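There are 2 protein chains.
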Amino acid sequence: MARKTGSHAEITGPAIRAAALRLFARSGYAAVSMREIASEVGVRAGALYLYTPDKQTLLFELMKDHLEGLIAEWRSMDVLGAPPERLEKFVKYHIGYHFDRGDDVFLAYMELRNLSEENFATVEALRRAYEDELEAVLAAGQSDNTFEISDVRVTTRAMIAMLTGVHVWYRDGGRLSRDSVLRIYWDLARRMVNA
Amino acid sequence: MARKTGSHAEITGPAIRAAALRLFARSGYAAVSMREIASEVGVRAGALYLYTPDKQTLLFELMKDHLEGLIAEWRSMDVLGAPPERLEKFVKYHIGYHFDRGDDVFLAYMELRNLSEENFATVEALRRAYEDELEAVLAAGQSDNTFEISDVRVTTRAMIAMLTGVHVWYRDGGRLSRDSVLRIYWDLARRMVNA
DNA sequence: GTCTATAGATGGATAGAC
DNA sequence: GTCTATCCATCTATAGAC
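Going line by line, the protein sequences match chains A and B. Taking our numbering, the leading residue of the first sequence gets 1426, the next gets one more, and so forth. Taking our numbering, the leading residue of the second sequence gets 1426, the next gets one more, and so forth.
In case anyone wonders, no lab produced these hints; they're calculated from the structure. Accuracy of the hints is not assured; some may be wrong.
Identical copies go unnamed one by one, so any copy, or any two together, can satisfy a pair.
Said to hold, decoys possible - No more than 20 Å apart at the CA atoms, straight line, and that leaves these computed lysine to any residue pairs for SDA-like:
no., residue 1, residue 2
1, Lys1517, Ser1575
2, Lys1517, Glu1543
3, Lys1517, Asp1576
4, Lys1514, Asp1503
Source: prediction; values computed, not measured.
Working from the sequences, and respecting the hints, build out all of it.
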């Protein structure tokens, strides 16, 4: 962790973001100090300001980059298959993302309150765009009668909440394997739309 | 809001708790100052310490009292009906509680990270006890084959997450009435267990 | 690029007057 | 029961040395 004085632009920047992500996710944005982040990286607090104009921007960019990546990656893999296949793919993609990047997902979910008004609007639009990806799948299935859904919008929100909840309890090495969890949640999602 | 100096023990105590609840839910525990709470109540910060030993205890008691009430009220109304009826009752009870006491539910859900180790253990046990109430209903339905569930524990958690998510988007006066929301979520929950 | 030092603000909590 | 005043810790962010 500790590091001697010198030039390390290539590693310090990402290290700061990684430390901030981990600490924000664990303790909450407001409860984490810049000194704490710096200490985790092995620099002094002042050095952080070479990489971010302020703490708020650090939080905002973590959330924004995460959500943009989440959406872009999904769009790159969503194909025009039948709605049930697309839904299965979405469910497993979403939960798989939680397995590997749980802190990112958690942060984007928990720290909305600590964004400035302007940053909140940007992040909220991204969250809505991601939700719309699932909603499009459900709507497609309703149109061709492979799904039976009473309210597409509410079902979308309910399903996202259900899937995101996996981060509350899942830990690697526990009672269930990742594959088991994927199977169970896909089964629940499938039933929610009568597929 | 502002109030003259004098004795107001009967109203100041509850007013402090109400203000703290609202502010903690809106901005997060760590982001709210004791001065802010006091200002909302119409007293100075020092006066708060006549009613709570410290800020941490204020948070803890809000969460603890809410969860104890949530569990006690449910236990007082859960009867030994058939599992599908009991599940319907639970779903509507849980969401109904969100409608009327959204801040309490939100707080107990979001501020776990800001509890001291000891307080966390207490609150976590209460949360688990509430989860167990739903799990008992699902397990009963699995035993008598009115439900078809692949993993009772995971289904319990998934359902709680789904139901709790209603607080993210529901607002009175929106597109859907409370009754519509209850109906839609009950339908989703019913499908999750193939009832 | 990082450090030391510090300005300037704000935080939780307490003491003592009323 | 509440207020004023304040202690002391801590915070974000900046300035200037290296």
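List of violated hint numbers, smallest to largest:
The structure conflicts with hint 2 only, although it agrees with all the remaining ones.
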